[in-house]
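Asker: The lines below spell out each chain.
There are 6 protein chains.
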Amino acid sequence: MKSVYITRREIFNAAHKLWNENWSDEKNEKVFGKCSNRNWHGHNFTILVTVKGVPNPDTGFVINLTDLSQIIKDKVIEPMDHKNLNLDVPFMAGKLASTENMVIEIWDQIKDSIMIAGGELAKIKLIETENNFVEYFGGSEPY
Amino acid sequence: MKSVYITRREIFNAAHKLWNENWSDEKNEKVFGKCSNRNWHGHNFTILVTVKGVPNPDTGFVINLTDLSQIIKDKVIEPMDHKNLNLDVPFMAGKLASTENMVIEIWDQIKDSIMIAGGELAKIKLIETENNFVEYFGGSEPY
Amino acid sequence: MKSVYITRREIFNAAHKLWNENWSDEKNEKVFGKCSNRNWHGHNFTILVTVKGVPNPDTGFVINLTDLSQIIKDKVIEPMDHKNLNLDVPFMAGKLASTENMVIEIWDQIKDSIMIAGGELAKIKLIETENNFVEYFGGSEPY
Amino acid sequence: MKSVYITRREIFNAAHKLWNENWSDEKNEKVFGKCSNRNWHGHNFTILVTVKGVPNPDTGFVINLTDLSQIIKDKVIEPMDHKNLNLDVPFMAGKLASTENMVIEIWDQIKDSIMIAGGELAKIKLIETENNFVEYFGGSEPY
Amino acid sequence: MKSVYITRREIFNAAHKLWNENWSDEKNEKVFGKCSNRNWHGHNFTILVTVKGVPNPDTGFVINLTDLSQIIKDKVIEPMDHKNLNLDVPFMAGKLASTENMVIEIWDQIKDSIMIAGGELAKIKLIETENNFVEYFGGSEPY
Amino acid sequence: MKSVYITRREIFNAAHKLWNENWSDEKNEKVFGKCSNRNWHGHNFTILVTVKGVPNPDTGFVINLTDLSQIIKDKVIEPMDHKNLNLDVPFMAGKLASTENMVIEIWDQIKDSIMIAGGELAKIKLIETENNFVEYFGGSEPY
Chain A
885 MKSVYITRRE
895 IFNAAHKLWN
905 ENWSDEKNEK
915 VFGKCSNRNW
925 HGHNFTILVT
935 VKGVPNPDTG
945 FVINLTDLSQ
955 IIKDKVIEPM
965 DHKNLNLDVP
975 FMAGKLASTE
985 NMVIEIWDQI
995 KDSIMIAGGE
1005 LAKIKLIETE
1015 NNFVEYFGGS
1025 EPY
Chain B
885 MKSVYITRRE
895 IFNAAHKLWN
905 ENWSDEKNEK
915 VFGKCSNRNW
925 HGHNFTILVT
935 VKGVPNPDTG
945 FVINLTDLSQ
955 IIKDKVIEPM
965 DHKNLNLDVP
975 FMAGKLASTE
985 NMVIEIWDQI
995 KDSIMIAGGE
1005 LAKIKLIETE
1015 NNFVEYFGGS
1025 EPY
Chain C
885 MKSVYITRRE
895 IFNAAHKLWN
905 ENWSDEKNEK
915 VFGKCSNRNW
925 HGHNFTILVT
935 VKGVPNPDTG
945 FVINLTDLSQ
955 IIKDKVIEPM
965 DHKNLNLDVP
975 FMAGKLASTE
985 NMVIEIWDQI
995 KDSIMIAGGE
1005 LAKIKLIETE
1015 NNFVEYFGGS
1025 EPY
Chain D
885 MKSVYITRRE
895 IFNAAHKLWN
905 ENWSDEKNEK
915 VFGKCSNRNW
925 HGHNFTILVT
935 VKGVPNPDTG
945 FVINLTDLSQ
955 IIKDKVIEPM
965 DHKNLNLDVP
975 FMAGKLASTE
985 NMVIEIWDQI
995 KDSIMIAGGE
1005 LAKIKLIETE
1015 NNFVEYFGGS
1025 EPY
Chain E
885 MKSVYITRRE
895 IFNAAHKLWN
905 ENWSDEKNEK
915 VFGKCSNRNW
925 HGHNFTILVT
935 VKGVPNPDTG
945 FVINLTDLSQ
955 IIKDKVIEPM
965 DHKNLNLDVP
975 FMAGKLASTE
985 NMVIEIWDQI
995 KDSIMIAGGE
1005 LAKIKLIETE
1015 NNFVEYFGGS
1025 EPY
Chain F
885 MKSVYITRRE
895 IFNAAHKLWN
905 ENWSDEKNEK
915 VFGKCSNRNW
925 HGHNFTILVT
935 VKGVPNPDTG
945 FVINLTDLSQ
955 IIKDKVIEPM
965 DHKNLNLDVP
975 FMAGKLASTE
985 NMVIEIWDQI
995 KDSIMIAGGE
1005 LAKIKLIETE
1015 NNFVEYFGGS
1025 EPY
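Protein chains in written order, with our numbering: chain A, 885 to 1027; chain B, 885 to 1027; chain C, 885 to 1027; chain D, 885 to 1027; chain E, 885 to 1027; chain F, 885 to 1027.
Bound conformation, chain A alone (with noise of 0.2 Å):
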């Protein structure tokens, strides 16, 4: 059984800031720096979605890349892309909108849809600059 791992790269562009609304100003000031700026700030986020499974002598495929861009642009970008990631988007509400826990939000929203299309996901990546970026695994071992 030769599993291949497949990836696919979509990019979103959105608003957000670091804020906890149980602390003071201050705090929040202190410790998110300038991502706690009021008025937002935003990024060119660049999503790397990562399929494992064995390729479909039929195909050569893994999952056809046609659907896993498709899965991505429905449950991600649609949602995320040109919005604000701590008021527009319904998954996010709630929470801190770090890349930490967006990469584990998303994970949610696209892991069903993936393993409908016969794939399993294996990895995401978020791009928030080129100097930062977070690798997720679904909470399980990495690869």
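Bear in mind the hints are in silico, worked out from the structure with no lab data behind them.
Careful: at least some of the hints might be erroneous.
Copies of the same chain are indistinguishable here, so a pair counts whether it falls within one copy or spans any two.
[Claimed, not checked] With a cut-off of at most 35 Å between alpha-carbon atoms, the simulated DSBU-like pairs for lysine-lysine come out as follows:
1) K936 / K1009
2) K886 / K979
3) K959 / K1009
4) K936 / K995
5) K957 / K1009
6) K1009 / K979
7) K995 / K959
8) K918 / K995
9) K957 / K936
Keeping the supplied structure of chain A fixed, place chains B, C, D, E and F upon it in accordance with the hints.
Answerer: The following block gives chains B, C, D, E and F in isolation, referenced to the frame of chain A:
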């Protein structure tokens, strides 16, 4: 007189929206599409500032990159990084926050400081996403 | 009159070979080397289209990037993406499929549409690999 | 025993199409979309080969990168660069030219040579476009 | 327990040569090739440090990137940037300046500080050129 | 006469320092900062050479990229790669090793060979880090 063009790259992350106050919501939505999202979106902006000059025989420099970097940080990064371009940036007040308008205003912010440092501002390139960017030559002949 | 130059990037993947029908196999092999492989090879092409203009006071736009992107998609990506440049592309018929010839022909495909959309085509950059690309300014003075 | 993973990157440009000989034209078109274009299309492929090992005390090397590069050039670049993956590459004959199948076959082409050079092949990453790539770990546990 | 992996990127520019003091000039030249140039050569090194952890409910952070960046700057960039890796860096003294040895030594420089900051060092990736890089997981199981 | 500009990219890795022999250590340190480190530092330099010309009707080429690449390798990469720019490169002898001075000297090294190969050298871009680069047009009007 052998002019060389030297470029310094800096980055900033900001929120904005494209919105014409004189228009209805419908017209803003029609013209600006998802960029008109009421609650903002954002980008990682990359700015490249190009200075023209003849290398100084004692230093081999057109301009000391430490000086050029400091000018960009003081005049562009400080007021724009982790800010809302529509609300927080004095020199963008009352202007549509398009990349075209941004690059024109940034030119005016740094031109004189670069001249004082001994160089001549030749070009600003402002990258909004991997798919679009603008270039400005001060309204005069481009290079 | 403060002209700004705005650029839109698009990509397409195509097969081609460099082959002069008037030459022997030996001469084709000698001049074009591995690029003359009878059974084709291919590339991920990146095209950057630059439009010159003065920002519209109502929109802040030189040209609406949605319009520019649509023109490139209709006139360049649709006929060239996932195609054979020697066999499938009408406007390349009978021409050597070099990047130099491609960029000249693409210019003629999009120039008028961009003018109708209110902009002036200033430059096309066509990247074939990370190590080589061409730029074209319509045969007139470059910027 | 402090294992380090070292990676060498190489590139090749090739034509291919996705086509199942047992299917009708309609089914090929339906499943593979524009990738089934009869006259081929192509890509700039980037391959990253990762070797695991403990640095040699005399050289500081897991494997001499000159040797690793030469193995990749002899076994992968030479047979695949500026070629048609469906027609010209012996080890792809009779196989669907998907990136998944390519990475599995490439593994078998280089595994033994790397072992002879004193390293252990740990991973191959094959990038087809900026938006999709595959990774393979020999069918065993990934790292 | 949903572990997320967060990565911070930093850069430094350094000179080095590959040279084994116990070998003749001829053997150094034979094994290390142009990397053995007596008068040194150099690189732009990129380092990516990955920290594993469960996001803090109050901050959404595995580790504050400001802290992580500061640790890397203090322990890696300060001693290595614009330095000679063979002559100027205390923790590389007496060791072959290969990327493999560099990444092992850097691990020991930052591991404890990251633990004190509340994270667990999971991986260091050190990029020497666009064509080669190394990864290290502390000698234990990779992720 | 439809001139096209074609560019070839090559890379080299070198050590250097910025140091004015006529100055005290203190002044060198003050002006050049960490770039004056006595024991050198280094970079991965990327050079992009642009040639202007009208495509040859028989080849579709402004210049054969194999020839252009060979000229750059012979005249630039061979003398500069894995070398010390202050000590090892004849055409940099006695000159401050700034990127500005490098690009001017490289111009003189390759200009005639490109003319003999049938092209016209139009521009050299020399990238020192991701944050700074220089461009040179032979001292005449830039394009």
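Asker: Work down the list of hints and note, for each, if the structure agrees.
Answerer: Against the structure, the hints:
Taking the shortest Cα distances, K936 and K1009 sit within 35 Å of each other both inside one copy (14 Å) and across copies (14 Å). Taking CA atoms no more than 35 Å apart as the test, K886 paired with K979 passes between copies only; the shortest distance there is 15 Å, against 39 Å inside one copy. For the identical chains of this complex, K959 and K1009 are neighbours both inside a copy (16 Å) and across copies (27 Å), given an alpha-carbon limit of 35 Å. Within a single copy, K936 and K995 get their C-alpha atoms as close as 12 Å, and across copies as close as 22 Å, so both meet the 35 Å cut-off.
In the homo-oligomer, the alpha carbons of K957 and K1009 lie at most 35 Å apart both inside one protomer (16 Å) and across protomers (24 Å), since each shortest distance falls under that limit. In the homo-oligomer, the alpha carbons of K1009 and K979 lie at most 35 Å apart both inside one protomer (19 Å) and across protomers (31 Å), since each shortest distance falls under that limit. For a Cα distance limit of 35 Å, the shortest separation of K995 from K959 inside one copy, 10 Å, qualifies, whereas the shortest one across copies, 37 Å, does not. In the homo-oligomer, the alpha carbons of K918 and K995 lie at most 35 Å apart both inside one protomer (33 Å) and across protomers (27 Å), since each shortest distance falls under that limit.
Taking identical chains as interchangeable, the C-alpha atoms of K957 and K936 lie at most 35 Å apart whether they share a chain (19 Å) or sit on different chains (28 Å).
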